[in-house]
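S.K.: Chains as they are written, first to last, in the working numbering: chain S, 1 to 116; chain W, 1001 to 1107.
The set of hints was computed from the structure by calculation and includes no laboratory data. Just so you know, even glycine gets a beta-carbon here, dropped at the ideal spot from N, CA and C.
If the Cβ cut is set under 7 Å, some of the chain W residues that face chain S in the computed set are:
id, residue
1, Ile1043
2, Ser1045
3, Thr1099
Restraint ranges, calculated between C-beta atoms of paired labels, are given here:
id, chain 1, residue 1, chain 2, residue 2, range
4, W, Glu1015, S, Arg63, 42 to 52 Å
5, S, Thr114, W, Leu1049, 33 to 43 Å
6, W, Val1044, S, Thr7, 19 to 29 Å
7, W, His1056, S, Arg15, 43 to 53 Å
8, W, Val1044, S, Asn71, 20 to 30 Å
9, S, Leu83, W, Glu1067, 37 to 47 Å
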Amino acid sequence: KAGVTQTPRYLIKTRGQQVTLSCSPISGHRSVSWYQQTPGQGLQFLFEYFSETQRNKGNFPGRFSGRQFSNSRSEMNVSTLELGDSALYLCASSRDGLAGGYNEQFFGPGTRLTVL
Amino acid sequence: KNEVEQSPQNLTAQEGEFITINCSYSVGISALHWLQQHPGGGIVSLFMLSSGKKKHGRLIATINIQEKHSSLHITASHPRDSAVYICAVDGRNKLIFGTGTLLAVQP
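Only chain S is shown next, with the shape it has when bound in the complex:
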């Protein structure tokens, strides 16, 4: 089975721009969760999508948004980028999702975003 893939792997943007990151889950997984990892804050939960619906959201501003398509692929968008958005963005797929029956998380390699 192919693993979770994320594109692009590296991205450099400037303040004020917007960015879209993509995540393709493992085949058959309906849940995609997004996480931000920074040296200062560690790993933080952004949001979870399950069957095209946002089911849970972390404590991030509205500039962070996402969506999920019918094939379970998910995109995350960050608008009006700030320097503090520089981070490793990870997605993970799981069969049943958070609060579901079986929620082992399979992580993608991440997208490293640098905001200048």
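Given chain S's structure and the hints, the job is docking chain W onto it.
M.R.: Okay, now just chain W, sitting in the frame of chain S:
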């Protein structure tokens, strides 16, 4: 106080040593995850458990729901075990992460 606390933050061991990493949490959970992250960022799920004990090769994870505590043990440690180990709890419909334990195993 963080909802998920890990100890120690840093750990250096000699090859062959028995290693224990601890995780305590203060929220109600449906499951606890142990994750491994190597330099470069890739994260691998080691265990997901909601009770008792699980074992994969040289790795053992235990959880005590009443005490809100979990441990990850590595037997016969090897330099390839060097990584960051992260505890995460599945609580309130989101994953809450510990700050991680940086393990260095020296030959």
